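These protein sequences, in sequence, are chains A and B.
Mind the numbering: the first sequence is residues 17 to 320 in my numbering, read in order.
Mind the numbering: the second sequence is residues 17 to 320 in my numbering, read in order.
A portion of the hints provided could be inaccurate.
A pair holds if it fits inside one copy or across any two, identical chains being indistinguishable in the list.
[What the hints assert, rightly or not] Okay, derived cross-link-like pairs now, DSBU-like style, lysine-lysine, Cα gap no bigger than 30 Å in a straight line:
(1) K154 / K176
(2) K31 / K207
(3) K72 / K206
(4) K89 / K72
(5) K176 / K309
(6) K171 / K306
(7) K306 / K99
(8) K306 / K176
(9) K207 / K306
(10) K207 / K309
(11) K154 / K72
(12) K99 / K309
(13) K176 / K31
(14) K89 / K312
(15) K171 / K207
(16) K99 / K89
(17) K206 / K312
(18) K306 / K206
(19) K31 / K72
(20) K89 / K206
(21) K89 / K309
(22) K176 / K312
What the hints contain is simulated information worked out from the structure, not anything from laboratory work.
Please read these numbers as outputs of a predicted model, since none were measured by experiment.
Number of protein chains: 2
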Amino acid sequence: MSLLVVGSIALDTVKTPFGEGREVLGGSATYFSVAASYFADRVCLVGVVGGDFPPKHIQLFLQHNIDIEGLHKEDEGLTFRWKGEYNYDLNEAVTLDTHLNVFSSFNPSLPEAYRECQYVFLANIDPELQHQVLDQVKQPRLTACDTMNYWIQGKPQALKKTLERVDILIINDGETRQLAEEANIVRAAKKILSWGPRILIVKRGEYGALMFSANNIFSAPGFPLEYIFDPTGAGDSFAGGFMGYLANVDTIDETNIRRAIIFGSTMASFCVEDFSLNRLSNLTYPEIEKRYKAFKALTHFEDI
Amino acid sequence: MSLLVVGSIALDTVKTPFGEGREVLGGSATYFSVAASYFADRVCLVGVVGGDFPPKHIQLFLQHNIDIEGLHKEDEGLTFRWKGEYNYDLNEAVTLDTHLNVFSSFNPSLPEAYRECQYVFLANIDPELQHQVLDQVKQPRLTACDTMNYWIQGKPQALKKTLERVDILIINDGETRQLAEEANIVRAAKKILSWGPRILIVKRGEYGALMFSANNIFSAPGFPLEYIFDPTGAGDSFAGGFMGYLANVDTIDETNIRRAIIFGSTMASFCVEDFSLNRLSNLTYPEIEKRYKAFKALTHFEDI
Chain A
17 MSLLVVGSIA
27 LDTVKTPFGE
37 GREVLGGSAT
47 YFSVAASYFA
57 DRVCLVGVVG
67 GDFPPKHIQL
77 FLQHNIDIEG
87 LHKEDEGLTF
97 RWKGEYNYDL
107 NEAVTLDTHL
117 NVFSSFNPSL
127 PEAYRECQYV
137 FLANIDPELQ
147 HQVLDQVKQP
157 RLTACDTMNY
167 WIQGKPQALK
177 KTLERVDILI
187 INDGETRQLA
197 EEANIVRAAK
207 KILSWGPRIL
217 IVKRGEYGAL
227 MFSANNIFSA
237 PGFPLEYIFD
247 PTGAGDSFAG
257 GFMGYLANVD
267 TIDETNIRRA
277 IIFGSTMASF
287 CVEDFSLNRL
297 SNLTYPEIEK
307 RYKAFKALTH
317 FEDI
Chain B
17 MSLLVVGSIA
27 LDTVKTPFGE
37 GREVLGGSAT
47 YFSVAASYFA
57 DRVCLVGVVG
67 GDFPPKHIQL
77 FLQHNIDIEG
87 LHKEDEGLTF
97 RWKGEYNYDL
107 NEAVTLDTHL
117 NVFSSFNPSL
127 PEAYRECQYV
137 FLANIDPELQ
147 HQVLDQVKQP
157 RLTACDTMNY
167 WIQGKPQALK
177 KTLERVDILI
187 INDGETRQLA
197 EEANIVRAAK
207 KILSWGPRIL
217 IVKRGEYGAL
227 MFSANNIFSA
237 PGFPLEYIFD
247 PTGAGDSFAG
257 GFMGYLANVD
267 TIDETNIRRA
277 IIFGSTMASF
287 CVEDFSLNRL
297 SNLTYPEIEK
307 RYKAFKALTH
317 FEDI
């Protein structure tokens with residue numbers, strides 16, 4: 017099935033204790049689409065870049081069979097830039113600088129062919145733009161979205177409207193607590209589920225992810241890695257693996273949702289092994305399967 | 017099999033956002049022995065209390081068939097007191113006050129019958145006292161210990177000697193990083209395993225536990241609870257369930273170690289549901305089994 021993603025495409029300058037990447041490829045839609053490309057038949061990308069966007073990055077999308085009909089290029093403008101830093105903790109980025117550039121007037125307009133997409137991911141963008149995208153897709157089977165503290169504080173009503181319209185919300189634990197105004201994660205999840213989404217996935221960095229639905233909780237660990245170089249994009253790679261797998265199997269039940277979460281965790285674990293998309297864009301499917309099985313070995317225990 | 021525990025027995029005054037317990041029963045050996053009592057044939061307790069120790073607490077040990085021949089009572093002294101507070105995070109206690117009292121001259125001397133114990137847990141006490149206990153047990157099949165930042169900083173050499181002599185180290189993630197002087201938990205674990213123990217269990221509060229051995233890593237989640245009243249004793253309840261289960265099955269292999277970690281996590285999850293040992297001391301084995309199965313439901317996913 018076709019999978020639509022709408023989000024940012026960026027040039028990141030990232031510093032971690034292990035090195036620095038300058039003006040490297042980044043952005044939520046970038047990480048998502050490359051991660052999803054290993055699973056979904058077709059990934060349809062909607063985003064905007066400036067005239068300065070290096071052609072080699074376009075090549076990367078094409079190499080991954082990502083449909084870029086919806087990738088708008090504003091020749092007169094500059095690509096969105098983000099500059100951030102991580103300390104040894106690696107769980108939270110400190111944003112040093114943001115230049116929205118062409119992203120500030122981003123107005124997601126879907127090519128006709130994209131409107132048929134049955135799987136939809138709204139990356140972390142203005143909730144009003146998220147509505148605009150949902151208005152354009154015809155009959156999605158599954159919709160998911162991300163958001164961040166900036167929108168939780170700045171546009172709570174618009175965000176609530178997004179939540180009424182999506183099936184799945186994928187956010188981190190701090191955002192979960194902030195959105196629900198509730199410190200306990202289980203009670204926070206219940207509150208958020210009452211607002212619309214039938215599934216909430218809480219990303220917890222190195223601690224993995226928790227999935228909440230009406231009757232189930234699923235806990236997936238973070239993959240214990242000896243070397244983590246750059247956590248940028250891990251959450252979007254997770255979402256890409258998750259939605260990509262579901263678009264591929266096209267059967268949304270508890271079994272596949274859990275598998276999808278492990279595939280999401282798998283893609284996130286590869287993402288952080290190198291800067292930018294250096295690792296994520298050079299995977300083979302057997303490598304992905306091998307890590308999935310490693311997650312199984314990591315968590316399995318016998319019944320009593 | 018018989019399981020020996022040596023540690024503190026305390027009267028705690030604990031404040032959490034959800035209430036306060038004043039001079040309630042606490043201490044590492046207390047939580048450990050009650051948790052272990054649901055599994056092990058016989059739990060042998062070594063500790064010291066003062067003349068002020070309420071007889072009802074002695075009754076509690078006896079109700080759980082805990083052998084208190086090694087529980088020394090110093091009639092002239094006062095029982096160890098700890099006063100602490102938790103904020104909404106609940107992952108770390110702030111110690112407000114400590115009165116070691118009779119615990120300051122604690123000199124663990126094992127009754128003759130205890131020396132035959134085959135399973136041994138050295139709770140968080142001076143590593144020199146840990147050596148003293150190991151010198152007294154005859155032929156233990158499995159030994160495990162806990163420690164804390166105070167000993168890591170204050171008695172690193174004595175602690176290293178303990179580590180050379182035990183099979184399993186059970187500490188929290190902050191202590192793991194501090195002990196290994198290494199921020200990455202996987203590399204920290206490798207370093208610590210090279211010093212002696214063949215298994216390291218890293219407790220991560222609400223995020224569960226990670227087990228490291230030469231060839232395996234096992235990740236157990238924290239149980240997602242809607243109400244957590246008091247995290248005091250969770251780590252020792254974990255250790256009690258873990259060692260208690262192994263002493264019960266008396267076969268130490270990967271399968272049982274993983275099961276033991278889930279039983280440990282189970283006991284920790286009950287512990288935090290109420291103040292002091294209010295929940296932990298009132299369990300039935302079917303309740304324990306039910307939560308074990310809930311851990312299975314929480315973590316299970318299908319192979320691909």
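- [ ] Evaluate K207 and K306 at a C-alpha cut-off of 30 Å and name the case that applies: within, between, both or neither.
- [x] between (37 Å within a copy, 26 Å between copies)
Open item on the list: Checking an output row: K206 and K312, CA cutoff 30 Å. Within, between, both or neither?
Closed with: both (28 Å within a copy, 21 Å between copies)
Task: Copy assignment of K171 with K306, given that the CA separation must stay at most 30 Å - done: neither (42 Å within a copy, 43 Å between copies)
TODO: Could you place K99 and K309 in one of the four classes (within, between, both, neither) given a Cα distance threshold of 30 Å?
DONE: Neither: 35 Å inside a copy, 46 Å across copies.
TODO: Evaluate K89 and K72 at a C-alpha cut-off of 30 Å and name the case that applies: within, between, both or neither.
DONE: Answer is within: at 14 Å inside a copy they meet the 30 Å cutoff, but 76 Å across does not.
Task: Intra/inter-copy verdict for K72 and K206 if alpha-carbon distance must be at most 30 Å - done: Result: close neither inside a copy nor across copies, 44 Å intra and 40 Å inter.
Open item on the list: For K89 and K309, with the copy left unspecified, which applies at a CA distance of at most 30 Å: within, between, both, or neither?
Closed with: The answer is neither: 40 Å in one copy and 53 Å across copies each exceed 30 Å.
Open item on the list: My question is about K176 and K312: at a cut-off of 30 Å on alpha-carbon distance, are they close within one copy, between copies, both, or neither?
Closed with: Cα proximity of K176 and K312: none, with 36 Å in one copy and 34 Å across.
Task: Homomeric proximity label, K306 with K99: Cα distance no greater than 30 Å - done: neither (33 Å within a copy, 49 Å between copies)
Open item on the list: For K207 and K309, with the copy left unspecified, which applies at a CA distance of at most 30 Å: within, between, both, or neither?
Closed with: This pair counts as between: shortest inter-copy Cα distance 26 Å, intra-copy 34 Å.
- [ ] At 30 Å max between alpha carbons, let me know whether K176 reaches K309 within a copy, between copies, both or neither.
- [x] Cα proximity of K176 and K309: none, with 37 Å in one copy and 36 Å across.
Open item on the list: Reference check for the pair K89 and K312, CA-CA at most 30 Å: within, between, both, or neither?
Closed with: Result: close neither inside a copy nor across copies, 42 Å intra and 49 Å inter.
When held up to the earlier numbered hints, the structure conflicts with 3, 5, 6, 7, 8, 11, 12, 13, 14, 20, 21, 22 and fits the remainder.
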